[in-house]
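> Sequence:
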Amino acid sequence: METNKKGAAVAKAAAKSDVKSTSFWKLFKAALKGTLISMVFTVAVTLLFALVIKETGMKDNAIGIINQVVKIGGILLATFFAVKGLQEKQWLAGGMAGILFILISYLIFSLIEGMFGNVAVLFSNLLMGLVVGLVFAIIIANFFGKRAGAKSRLGRPRRMGMSTK
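Each residue of the sequence shown is one higher than the one before, starting from 6 at the first, in my numbering.
By construction, these hints were calculated from the structure, which means they are not laboratory data.
For every residue, glycine included, the Cβ atom is placed at its ideal position computed from N, Cα and C.
Accuracy of the hints is not assured; some may be wrong.
[Stated by the list, open to error] List time: in silico EDC-like cross-link candidates among lysine to aspartate or glutamate, alpha-carbon distance up to 20 Å:
{"id": "1", "residue 1": "76", "residue 2": "118"}
{"id": "2", "residue 1": "76", "residue 2": "65"}
{"id": "3", "residue 1": "59", "residue 2": "118"}
{"id": "4", "residue 1": "31", "residue 2": "93"}
{"id": "5", "residue 1": "38", "residue 2": "93"}
{"id": "6", "residue 1": "34", "residue 2": "93"}
[Said to hold, decoys possible] Computed beta-carbon distance windows for the label pairs:
{"id": "7", "residue 1": "63", "residue 2": "114", "range": "14 to 20 Å"}
{"id": "8", "residue 1": "122", "residue 2": "67", "range": "16 to 22 Å"}
{"id": "9", "residue 1": "147", "residue 2": "116", "range": "35 to 41 Å"}
With the hints as extra help, turn the sequences into a complete structure.
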């Protein structure tokens with residue numbers, strides 16, 4: 006067995022790759038947790054909305070709009086709960102939470118309906134879930150994250166632009 010510097014460097018590189026894979030699974034578990042918590046909200050709101058439609062006879066054009074609002078609200082909740090304890094790579098967890106939310110909701114509502122929906126709509130919804138999850142995770146990380154409101158040595162808030170030094 007070789008114990009030279011080259012061998013030690015290879016061992017360190019292998020150890021670092023294990024850390025990255027663990028980090029991915031941590032982010033995936035956070036995204037899945039956020040998605041499942043959000044699913045409870047989404048199913049409850051959908052059932053309540055179905056009851057309102059049954060009692061009031063709402064028009065068809067309003068149903069599509071409210072479905073999109075509920076879907077985006079579910080993605081926002083999934084992203085919030087996914088990002089809620091993470092210190093880094095919140096954007097990745099948010100994107101994964103948005104995609105997982107769309108996939109799981111597609112499966113659940115397809116099972117309820119008894120048939121799978123349009124695949125083209127699924128892909129557009131996946132893109133929407135990714136974008137909304139990413140953007141909302143970035144917003145959460147910047148406003149509520151560890152670095153939010155960081156101060157300079159002088160006690161004043163830092164500027165985000167270029168310095169004039």
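> Would you mind marking each hint as holding or not holding in the structure?
These are the hints, each one checked on the structure:
1. 76 - 118: holds (17 Å)
2. 76 - 65: It holds: about 17 Å lies between the C-alpha atoms, which stays within 20 Å.
3. 59 - 118: Distance of about 17 Å is within 20 Å: holds.
4. 31 - 93: holds (11 Å)
5. 38 - 93: OK: residue 38 and residue 93 at ~17 Å, within 20 Å.
6. 34 - 93: OK: residue 34 and residue 93 at ~14 Å, within 20 Å.
7. 63 - 114: 14 to 20 Å: holds (18 Å)
8. 122 - 67: 16 to 22 Å: holds (20 Å)
9. 147 - 116: 35 to 41 Å: holds (38 Å)
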